[in-house]
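K.L.:
Residue strings, one per chain:
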Amino acid sequence: MDLNFGKKYKDFTKEVKDFCKKYIAIHFIDSSKVPLSGSFKSGEIKMTRSDWQKILIEKGYFARSIPSEYGGYGGESDIIKSRIIAEEFAKSKIPPPMGGQGIDMLVPTLLELGTEEQKQKYIKPTLHGEIIWCQGYSEPNAGSDLASLQTKGELIDGNWVINGQKIWTSTAQYSQMMFCLVRTEPDASKHAGISYLLIPMDTPGIEIRPLVDMTLNAGFNEVFFTDVTIPENNIVGKRGEGWAVANATLSHERGSLSDPNAMMNRLNSLIDRMKKETINGEKVINNPVYRDKLMKIQGKVIAFQSNSLRVLSAKLNKNQDVKIAGMIQKLVGTELRHELEGFAIDIMGELGTLYENSPNIRDGGSWQIAYMYFLGLIIGGGTSQIQKNIISERGLGMPKEPKVQQGA
Amino acid sequence: MYFGLSEDQIFFQDNVKKFLEDNAPLDVIRKIANEDDKTSKEDLHKGIITLGINNILIPEDNGGLGLDLLFATAVSQSLGEGLATLPFTGSYVMAPIAIKYGANEKQRNFYLNEMSNNNINFSIGFSEFFGSRNESELSFLKNKVNGKTFFVMDFDYATHIMVCDKDGQIGIISLESTGIEVVDLITVDKTRVFKEIIFKNTDIDILENTSSSKEAVDNAIDAGRIVIAADSLGASKAMLDKAIDYSRERKQFNRAIGSFQAVKHMCAEMAAELEPCYSILWHAAHSFDSGEKNKKIMACHAKSHIADISKMISKKATEVHGGMGFTDLLGLHYWFKRIGVNRQMLGSPEIIREEAAKSQSL
Ligand SMILES: Cc1cc2nc3c(=O)[nH]c(=O)nc-3n(C[C@H](O)[C@H](O)[C@H](O)COP(=O)(O)OP(=O)(O)OC[C@H]3O[C@@H](n4cnc5c(N)ncnc54)[C@H](O)[C@@H]3O)c2cc1C
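If you read the sequences in order, they're chains A and B.
full-length UniProt numbering numbers the first residue of the first sequence as 1 and each following residue consecutively.
full-length UniProt numbering numbers the first residue of the second sequence as 1 and each following residue consecutively.
Rather than coming from a laboratory, the hints here were simulated on the basis of the structure.
Cross-link-like lysine to aspartate or glutamate pairs, in silico, EDC-like; alpha carbons within 20 angstroms at most:
id: 1; chain 1: A; residue 1: Lys-283; chain 2: B; residue 2: Glu-354
id: 2; chain 1: B; residue 1: Lys-311; chain 2: B; residue 2: Asp-328
id: 3; chain 1: A; residue 1: Lys-296; chain 2: B; residue 2: Glu-269
id: 4; chain 1: B; residue 1: Lys-195; chain 2: B; residue 2: Asp-156
id: 5; chain 1: B; residue 1: Lys-31; chain 2: B; residue 2: Glu-42
id: 6; chain 1: B; residue 1: Lys-251; chain 2: A; residue 2: Glu-393
id: 7; chain 1: B; residue 1: Lys-316; chain 2: A; residue 2: Glu-393
id: 8; chain 1: A; residue 1: Lys-296; chain 2: B; residue 2: Glu-350
id: 9; chain 1: A; residue 1: Lys-400; chain 2: B; residue 2: Asp-241
id: 10; chain 1: A; residue 1: Lys-323; chain 2: B; residue 2: Glu-7
id: 11; chain 1: B; residue 1: Lys-144; chain 2: B; residue 2: Glu-176
id: 12; chain 1: B; residue 1: Lys-195; chain 2: B; residue 2: Asp-184
id: 13; chain 1: A; residue 1: Lys-293; chain 2: B; residue 2: Glu-354
id: 14; chain 1: A; residue 1: Lys-275; chain 2: B; residue 2: Glu-354
id: 15; chain 1: A; residue 1: Lys-293; chain 2: B; residue 2: Glu-350
id: 16; chain 1: A; residue 1: Lys-323; chain 2: A; residue 2: Asp-259
id: 17; chain 1: A; residue 1: Lys-400; chain 2: B; residue 2: Glu-249
Please read these numbers as outputs of a predicted model, since none were measured by experiment.
When you get a sec, could you build the whole thing from the sequences and use the hints?
P.N.:
Have a look at this one:
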């Protein structure tokens with residue numbers, strides 16, 4: 001066991017700390033509609049989000065290992081540095097780099113499987129926050145059983161012509177582009193008939209209908225396609241290889257849904273809240289029942305954070321086997337975060353129910369928002385039940401579900 | 001950066017596991033538990049001593065192996081997994097640590113040297129310090145001890161008893177002294193031995209530094225908690241493995257029960273909760289070894305979190321076995337009960353979580 005990152009990283013940590021101090025009072029002048037994850041203090045230094053992205057790339061704090069010809073920093077991939085950056089940013093509460101499905105999922109996919117032209121065209125503006133992407137996978141009849149999707153793509157005169165419908169498409173209404181799974185080989189088997197297409201959202205024939213979610217924001221949308229025509233080469237991978245391409249991105253998504261640093265920050269905010277709130281004149285933190293429950297959650301958060309260190313370690317030390325430890329992160333992380341947010345509401349009691357701009361609201365109502373938001377993440381990106389199927393079948397080697405007979 | 005057990009630690013852990021598999025399969029454990037077989041138990045102890053588990057935490061200068069708590073933690077996982085009917089946490093972890101921090105130089109060299117030769121074996125009674133009950137009351141006066149200490153562990157081959165009073169003062173009593181009454185306690189867990197001990201004006205050798213500092217008792221208890229958590233983790237792993245194996249073989253409705261989603265999800269839930277337990281456990285042991293500021297918080301959380309998860313696993317893994325899980329025949333209950341006793345040893349989860357809260361000034 002060795003949790004030291006070494007001298008080189010000590011200097012680097014100091015550099016990042018200094019940077020965080022310098023930009024502690026940042027304030028964005030544009031209101032990007034894609035929310036930043038996490039909370040940060042806002043203040044005096046004024047700039048746009050895109051400027052902020054550029055500063056972060058220049059320092060190598062974001063897009064570190066992405067080649068500079070595609071707009072990245074062009075450094076070597078260094079998991080430890082990435083971890084230090086994430087930790088220090090979280091601790092100091094300066095705004096993290098913009099995330100989102102374009103940056104978290106599409107960019108890694110293009111780097112791995114895109115053509116040179118696609119990389120040149122899309123990666124840089126995506127990193128700078130100039131192209132926002134949405135993910136067009138789910139359909140009304142294809143959720144957990146994603147491979148049964150039916151949106152149709154036909155190659156006609158050198159163009160893909162797309163017809164069908166997507167649903168639950170987060171941020172579609174603000175996006176310039178969609179990466180989309182489309183059935184292009186109707187005669188092939190379920191998984192072999194899908195292609196991965198890149199669709200400009202201003203193409204004629206696309207209709208977007210925002211869907212209000214339980215937080216009362218329109219977090220996602222329905223997207224309808226009627227004879228939407230895009231160039232033949234807007235495909236990643238070959239025809240019929242879309243399932244494999246999509247699976248490359250799904251693993252990136254699952255990693256990004258359960259950030260242990262954000263979890264630790266939230267736990268600390270919860271402790272602060274419990275020190276401030278009183279019930280019948282007594283501080284909540286001194287109530288033995290609440291204290292015990294807080295400590296229980298702290299134990300789980302520490303276990304989760306330690307687990308992510310173990311998973312990190314296996315990336316650096318190739319002989320380490322953490323197969324199951326890695327597989328459980330999405331399930332455990334999203335469930336735990338939901339539990340933590342829900343407990344914060346409980347310690348506030350009636351105050352915890354306040355919402356929007358109600359008088360007496362605490363922390364801007366963020367506990368209720370996050371409590372619901374994380375329920376969304378428990379469902380999105382492969383539900384908890386689907387995660388358990390994966391853990392038991394692929395992780396523990398338990399027997400597969402018997403196939404239902406066709407026509408039964 | 002490397003988060004995990006080292007090759008040496010894994011090697012040691014595997015050796016202990018293999019030794020127990022070879023020498024103490026379930027039928028032998030059952031005989032020992034029923035007290036039908038004293039010789040097997042003694043042979044087992046002699047054998048495990050040759051592997052050096054008594055010497056892990058004793059410094060090389062005193063004839064020990066000079067290894068750290070993470071080593072002991074790795075070994076303890078195997079002991080829980082294999083239901084070892086042996087002393088460990090008290091005799092070979094808490095005792096050397098208490099002596100390291102609490103003894104003066106003369107005491108330290110004497111006891112550690114004798115321990116490494118296996119001439120002295122400690123039994124531990126610290127309940128008075130972290131959670132005394134109606135049953136116990138202990139008082140040290142000059143070099144004499146009076147009163148009762150409840151739930152003394154690792155008595156099996158004890159030559160000496162190490163006790164602690166409510167102020168954290170630690171003293172050592174030779175079992176050859178006069179004024180000692182040993183009362184057998186019977187717990188649900190028949191794989192280990194617990195006693196109540198009554199002292200009447202008995203000679204006691206007080207570890208000199210413990211009258212002014214709680215460092216010795218704090219460290220001994222932190223380490224003990226981590227190592228007990230490891231035992232429960234090993235026991236939980238054994239139960240989960242058995243549940244998965246059974247679910248592949250047992251058929252109902254013409255299919256393996258492991259192909260039913262309800263069963264799969266029980267197993268996935270157990271695995272999903274168990275994996276982070278390894279992580280917090282090793283992290284806590286490492287924090288202890290490197291003397292980090294948060295070591296007490298880590299030890300408390302490792303013990304209480306793993307106590308909760310192993311309780312859940314001991315229930316669910318039993319359920320996966322159906323009626324067979326409830327039988328004596330299968331012996332699953334040995335692990336169930338061991339987990340149940342570990343949960344209360346050196347503090348039940350609620351007591352320990354309150355300590356965790358206090359130690360971060362909440
Ligand atoms: C906040 C949020 C954002 C999202 N963003 C996007 C996005 O940007 N792009 C996109 O494409 N999709 C998005 N989704 C969709 C998401 O991926 C799907 O909702 C999810 O995969 C579940 O599909 P479903 O909603 O059709 O539910 P269903 O598949 O109908 O599931 C309903 C219930 O049945 C259970 N179930 C289904 N199959 C099984 C099985 N085999 N075993 C056990 N239980 C099963 C599920 O666990 C669930 O409890 C988002 C969803 C949410 C909640």
